[in-house]
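Taken in order, these protein sequences are the chains called A, B, C and D.
Here UniProt numbering is used: the first residue of the first sequence is 1, the next is one more, and so on.
Here UniProt numbering is used: the first residue of the second sequence is 1, the next is one more, and so on.
Here UniProt numbering is used: the first residue of the third sequence is 1, the next is one more, and so on.
Here UniProt numbering is used: the first residue of the fourth sequence is 1, the next is one more, and so on.
Calculated directly from the structure, the hints in this document are not laboratory data.
All the pointers check out, no bait thrown in.
Derived lysine-lysine pairs resembling DSS-like cross-links, with alpha carbons at most 27 Å apart:
id: 1; chain 1: D; residue 1: 75; chain 2: D; residue 2: 48
id: 2; chain 1: D; residue 1: 154; chain 2: D; residue 2: 369
id: 3; chain 1: D; residue 1: 75; chain 2: D; residue 2: 129
id: 4; chain 1: B; residue 1: 196; chain 2: B; residue 2: 75
id: 5; chain 1: D; residue 1: 129; chain 2: D; residue 2: 350
id: 6; chain 1: B; residue 1: 277; chain 2: A; residue 2: 237
id: 7; chain 1: B; residue 1: 237; chain 2: A; residue 2: 277
id: 8; chain 1: A; residue 1: 350; chain 2: A; residue 2: 154
id: 9; chain 1: B; residue 1: 186; chain 2: B; residue 2: 48
id: 10; chain 1: A; residue 1: 186; chain 2: A; residue 2: 237
id: 11; chain 1: A; residue 1: 386; chain 2: A; residue 2: 237
id: 12; chain 1: B; residue 1: 277; chain 2: A; residue 2: 186
id: 13; chain 1: B; residue 1: 129; chain 2: B; residue 2: 369
id: 14; chain 1: B; residue 1: 386; chain 2: A; residue 2: 386
id: 15; chain 1: A; residue 1: 196; chain 2: A; residue 2: 129
id: 16; chain 1: C; residue 1: 48; chain 2: C; residue 2: 196
id: 17; chain 1: C; residue 1: 154; chain 2: C; residue 2: 369
id: 18; chain 1: D; residue 1: 277; chain 2: C; residue 2: 186
id: 19; chain 1: D; residue 1: 186; chain 2: C; residue 2: 277
id: 20; chain 1: A; residue 1: 277; chain 2: B; residue 2: 186
id: 21; chain 1: C; residue 1: 386; chain 2: D; residue 2: 386
id: 22; chain 1: A; residue 1: 369; chain 2: A; residue 2: 196
id: 23; chain 1: D; residue 1: 237; chain 2: C; residue 2: 277
id: 24; chain 1: C; residue 1: 237; chain 2: D; residue 2: 277
4 protein chains.
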Amino acid sequence: MSNPSNPGRRIRLGMVGGGQGAFIGAVHRIAARLDDRYELVAGALSSKPDVAAASAAELFIAPDRSYDSFETMAKAEAAREDGMDVCAIVTPNHVHFPATMAMLNAGIHVICDKPLCLTVDEAEQIAAKVRETGLLFALTHNYTAYPMVREARKMVADGKLGDIRLVQVEYPQGWMATRVEDTDNKQAAWRSDPAKAGMGGALGDIGTHAHNLAEFVTGLEISELCADVDALVPGRKLDDNVQILLRYNNGARGMLWASQVAVGHENGLRLRVYGDKGGIEWAQEHPNHLHFRPLDGRPELMTRGGAGIGAEGMRGVRVPPGHPEGYLEGFANLYTDFADQLNAHISGTKPDAGSLLVPGVVEGLKGMKFVEAVVRSGRDGAVWVKM
Amino acid sequence: MSNPSNPGRRIRLGMVGGGQGAFIGAVHRIAARLDDRYELVAGALSSKPDVAAASAAELFIAPDRSYDSFETMAKAEAAREDGMDVCAIVTPNHVHFPATMAMLNAGIHVICDKPLCLTVDEAEQIAAKVRETGLLFALTHNYTAYPMVREARKMVADGKLGDIRLVQVEYPQGWMATRVEDTDNKQAAWRSDPAKAGMGGALGDIGTHAHNLAEFVTGLEISELCADVDALVPGRKLDDNVQILLRYNNGARGMLWASQVAVGHENGLRLRVYGDKGGIEWAQEHPNHLHFRPLDGRPELMTRGGAGIGAEGMRGVRVPPGHPEGYLEGFANLYTDFADQLNAHISGTKPDAGSLLVPGVVEGLKGMKFVEAVVRSGRDGAVWVKM
Amino acid sequence: MSNPSNPGRRIRLGMVGGGQGAFIGAVHRIAARLDDRYELVAGALSSKPDVAAASAAELFIAPDRSYDSFETMAKAEAAREDGMDVCAIVTPNHVHFPATMAMLNAGIHVICDKPLCLTVDEAEQIAAKVRETGLLFALTHNYTAYPMVREARKMVADGKLGDIRLVQVEYPQGWMATRVEDTDNKQAAWRSDPAKAGMGGALGDIGTHAHNLAEFVTGLEISELCADVDALVPGRKLDDNVQILLRYNNGARGMLWASQVAVGHENGLRLRVYGDKGGIEWAQEHPNHLHFRPLDGRPELMTRGGAGIGAEGMRGVRVPPGHPEGYLEGFANLYTDFADQLNAHISGTKPDAGSLLVPGVVEGLKGMKFVEAVVRSGRDGAVWVKM
Amino acid sequence: MSNPSNPGRRIRLGMVGGGQGAFIGAVHRIAARLDDRYELVAGALSSKPDVAAASAAELFIAPDRSYDSFETMAKAEAAREDGMDVCAIVTPNHVHFPATMAMLNAGIHVICDKPLCLTVDEAEQIAAKVRETGLLFALTHNYTAYPMVREARKMVADGKLGDIRLVQVEYPQGWMATRVEDTDNKQAAWRSDPAKAGMGGALGDIGTHAHNLAEFVTGLEISELCADVDALVPGRKLDDNVQILLRYNNGARGMLWASQVAVGHENGLRLRVYGDKGGIEWAQEHPNHLHFRPLDGRPELMTRGGAGIGAEGMRGVRVPPGHPEGYLEGFANLYTDFADQLNAHISGTKPDAGSLLVPGVVEGLKGMKFVEAVVRSGRDGAVWVKM
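Using the sequences and the hints given, assemble the complete structure.
Listed below in structure tokens is the structure:
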């Protein structure tokens with residue numbers, strides 16, 4: 001139903017991180033492959049040389065394009081005629097900054113997992129470098145790319161909800177309700193290690209998604225916030241639960257809850273927005289549905305690809321209503337849209353407007369400012385902090 | 001399936017408020033009637049004499065027991081051999097205090113709608129009077145009397161959830177999303193009038209239910225809170241939206257949201273509690289279901305009257321699982337349990353332990369302290385306030 | 001929100017069956033009491049004299065109006081100035097016919113539980129007697145009295161669904177998945193005993209509800225059917241599962257499934273109707289919701305008392321949307337509407353049109369013809385049988 | 001979380017059908033690509049040469065491997081050293097037989113969309129040819145490859161449900177509720193044309209999925225059936241609604257409903273199975289969930305990748321619980337498992353047992369026998385037909 005255009009050639013993709021045993025790297029690769037817009041040509045897949053080589057072989061990467069470090073890769077690929085166009089950075093957070101800077105300095109576009117980096121200072125350096133080089137940068141806030149989330153954004157923008165009064169966003173998970181970081185759970189280990197994850201635990205890992213999703217859909221920005229930031233599992237080094245009161249720049253009120261100790265929840269990102277003309281509700285675990293509740297009228301069930309969905313909500317739709325698309329398809333929408341941007345950049349043409357919805361360095365910087373503000377509020381006893 | 005015992009005779013019930021055009025009075029009468037434990041014998045149903053008389057006639061109240069004021073009724077009924085045992089007070093909030101005091105002073109037991117009164121000071125007077133007289137007092141926090149809420153309470157008490165870490169409670173409604181108080185909506189008019197409703201709008205009307213429900217189920221008490229209190233509909237005299245960060249006395253964290261401007265919600269009271277061994281979720285609009293999510297295991301659907309429900313959760317169950325009971329049955333459970341208390345009091349016996357779950361003056365006082373704390377926090381810019 | 005009119009006096013109600021240990025009798029009593037339109041004045045509550053007397057005492061029935069048999073009660077009450085107006089018959093099926101005939105012969109109106117009786121021949125005798133006496137007769141197909149079911153009926157009648165093409169109705173329960181009739185389960189015992197239940201097991205007990213509901217909502221009649229009728233639990237004397245192909249008199253197709261061995265279902269009555277302009281879905285376990293899916297447009301959630309509900313759907317609504325009403329309220333709607341009919345009859349006035357939706361002897365006769373046709377089809381190897 | 005093994009090289013895939021404007025061809029290509037086990041090297045993508053060439057170019061197929069007919073492709077590819085290993089046949093039904101036979105005759109493995117072909121006779125020829133050649137054959141009954149469907153199958157096989165008594169399967173869609181075949185809807189046009197679709201309309205298109213799913217999960221086979229087969233939209237040339245009573249070879253009873261005129265349904269495939277120890281329910285539109293209702297105990301929610309899922313249910317799981325996988329991932333599981341079979345075949349090793357769950361020619365032949373039996377039953381007035 002979509003993705004019609006022949007892009008000329010596939011984008012050449014490299015990857016930092018994502019070797020054997022990793023999680024999000026495999027997701028990025030599927031996302032890149034789904035619409036056949038990329039080919040994976042190079043990788044610095046692990047800091048351990050043998051893991052890097054074995055991983056590359058499994059992924060059909062030529063041995064001479066499997067590198068031991070991202071620095072080496074950046075230089076070598078930049079020097080090749082057929083060098084990679086763009087690099088996906090899928091490491092723990094602390095590598096985002098140096099790897100991104102290395103790529104940008106080598107003239108290579110970047111797709112980076114979230115959060116952008118460890119500090120606002122790093123984020124501003126990245127933002128400046130992107131501006132300076134004119135290179136393209138994508139931040140994989142993948143939840144924004146579900147078609148029904150984009151439809152929700154368009155509805156708000158078109159005034160279907162009227163003036164926004166309330167934003168309720170939550171992201172409960174339960175997988176860290178015990179000290180999993182003390183087991184051999186690699187995902188938990190780095191996420192609860194300040195040296196690798198940064199200032200935020202649940203805050204950085206999923207709170208940033210919730211923050212970004214709410215701003216993406218509403219077009220509003222937080223003006224001030226008040227946050228309780230806690231490690232509810234004794235002995236944990238970073239927060240596993242944040243509860244935040246929000247005030248938006250238009251006067252709207254909000255609440256944000258992100259938790260990794262909410263036993264029984266899997267990946268419960270959920271957004272509710274209320275205006276003076278209507279409300280919407282969307283839940284990530286049932287992403288093909290959007291609930292619209294108009295002020296005067298009955299609640300309506302909007303479905304991906306279904307009745308009355310506009311161009312924004314149809315973008316990226318691959319199969320008809322009732323044939324559920326999920327997490328990987330949403331993630332792939334970011335990759336495919338960014339491929340449109342990259343192709344336009346390469347060919348010197350103007351990208352399709354829809355492709356520009358991919359979050360970038362601006363959203364990354366906002367996310368880091370959000371993290372810092374929340375940490376500061378929490379540290380000072382949950383006081384109000386201006387953004 | 002329940003309500004086995006013959007109580008000897010029906011409890012004689014009087015009522016203040018609840019005349020033609022009222023809402024909650026009719027609910028109280030159905031609740032009293034459902035299990036046939038009361039007979040309505042007297043009323044001061046309206047401050048307008050003609051409405052009072054017409055209402056009484058419709059309700060089969062003898063003309064000589066329809067009164068023009070609660071003061072008159074209290075005296076006259078106290079003087080009768082067959083005078084009423086208990087008086088239900090179902091007026092707007094500002095009448096709760098004087099009517100309650102009049103009844104208690106006349107030696108008549110009281111069932112009072114929530115919130116208890118207008119101020120902590122009034123609440124303390126009522127509490128003192130109840131202690132002094134030894135009369136029985138019920139506060140109709142009806143949501144606590146749904147069987148699955150009581151089952152939830154028992155599960156927490158039995159440690160099925162382990163140590164409680166998180167309490168998320170919300171109560172969104174949408175019916176006041178416009179200036180309905182400027183129409184002929186009697187319910188909206190008094191609820192947004194500080195002289196009749198008191199300090200809180202949505203806060204007093206539904207926020208107190210949310211607060212009470214969370215404490216009822218968890219057995220915890222709030223130690224401090226931080227609240228944003230707003231009238232999001234311009235020109236409204238009382239709050240229509242409150243968003244609160246909670247800290248409980250055991251260190252648990254919580255959030256409470258009550259709103260009457262969340263367009264599209266009907267009566268969305270919902271409670272989620274998470275401990276270190278499991279989580280539960282209950283929603284008022286589907287009250288026959290309780291979701292239990294154990295730390296190690298699959299989510300389980302618990303149903304009213306269904307598999308594995310204990311004595312607490314079976315109390316008040318009238319029909320088998322799958323035959324939904326609702327709002328009126330929950331409300332009736334309070335009345336029936338209070339009838340057990342009253343019969344025991346009258347006969348000088350010990351009431352059944354289960355009947356003592358009916359909220360009373362202690363909960364009413366807590367509710368008023370909660371309202372005052374929230375108002376104070378909001379007024380001072382959403383600062384932390386100790387309870 | 002409803003039940004405004006003062007009926008002059010309460011209807012005097014008697015009851016056959018429903019003594020201690022019974023189930024549906026207590027339901028009838030609550031239903032009669034809910035809107036305060038009846039007073040229970042007499043009973044032949046059990047065929048065992050001591051149980052009858054003890055049950056009557058519990059229910060505040062005067063000792064001299066507790067009878068040992070329905071025959072005695074019919075005569076004695078008919079002779080009283082203040083004799084009962086109407087008799088509720090809440091026994092196992094085999095008593096419906098003689099008790100109904102006794103009451104009608106004594107000039108007493110009847111409310112009878114379903115199914116009407118044991119055979120088509122009995123049903124025709126009752127129907128003739130009702131016509132002959134001019135007395136009123138109600139059959140408690142209670143599921144038709146949920147407000148959203150009546151709204152559904154009105155939608156079909158108003159053509160909102162266009163021409164009806166498909167009717168899918170199912171009624172799965174699981175409580176008889178084992179040989180519960182061999183335990184001390186009184187409800188299971190008589191339901192699986194042909195002498196007491198009649199020709200049908202699940203068929204008579206719940207299949208008749210499903211059949212009636214579908215005809216009530218669609219206004220269609222079955223012209224022929226083909227039924228597999230089975231006792232899937234070995235040794236059971238009556239069917240516990242029926243699966244039926246339906247052809248309606250307008251050419252529509254349908255399926256009906258009723259089972260008491262569908263493990264895990266509680267009381268899963270569910271109706272779906274599809275026309276050439278739209279479809280609807282209603283499920284008894286969530287009776288406050290009706291799903292409407294128009295041909296051109298988005299699925300809409302219709303709620304009891306909510307946006308766009310007409311007079312038919314508002315009839316019997318007691319509390320606002322979001323305050324769930326359930327099984328007992330639906331049942332009570334039948335009683336209250338029948339009270340309107342009875343009051344009109346007594347006062348010689350014309351009853352309100354809405355009150356005439358209460359199923360009666362016509363529906364009872366149809367139900368018995370349905371049972372006989374299904375049994376015949378099943379017995380002959382699941383062949384097509386014309387109605 | 002899965003897909004660990006490095007297969008040595010990607011399988012070389014060709015495709016018949018699936019050119020511009022087609023639907024299911026794109027699905028097959030994504031399914032093949034998702035786990036990177038195939039490369040698309042050749043195609044006879046359209047019977048129109050210009051469409052074939054343009055489609056091939058868009059898909060990065062070399063011009064010399066884009067063919068004008070499947071006959072030409074079969075011969076040319078069979079002659080190449082690097083010729084395709086397997087051919088996906090994604091045309092309307094009437095081409096399945098000749099294209100499959102051409103490929104098998106050329107020594108090329110086949111992946112064919114369902115239903116297998118037009119008649120039982122064709123199906124038997126294909127089955128014989130597969131046996132004779134020893135080539136591998138996959139039939140894309142994709143719904144069997146959802147992880148929770150495979151988990152359901154394992155639960156039945158392990159006796160978790162006990163002896164199976166009841167099978168309720170339905171597949172409602174609404175997209176053909178009007179004469180869409182008279183518009184420019186290419187999908188509707190061939191599906192309602194007997195020359196292209198075969199004997200069955202909704203029956204062949206979706207009824208075969210429902211039939212296959214029920215047999216896949218239960219391991220039972222239908223012994224006889226009775227079917228009402230109708231075109232409910234006037235003038236339609238093939239059925240758009242079938243309603244079937246089923247008797248299984250172990251004595252279990254069942255019902256199957258498939259409809260393309262059930263207004264408001266998108267892709268509502270749903271299976272419920274009940275045994276004497278428990279029941280399960282699965283719905284395609286929420287494929288990550290499986291509801292298990294044990295005889296003694298509470299209903300449990302089983303989630304893809306969640307608590308207590310065994311090896312069968314984990315096979316093909318790519319992302320953690322709560323990160324929804326959908327239609328494309330399910331489809332891809334068939335491709336990936338078949339790649340395992342193909343790699344094993346190529347390397348002369350034994351394939352992994354899990355990979356053998358892919359439906360093949362046996363299921364295809366059963367499907368055609370089912371279609372013929374249903375058509376025969378319907379034509380003769382909905383009589384019982386033995387399988």
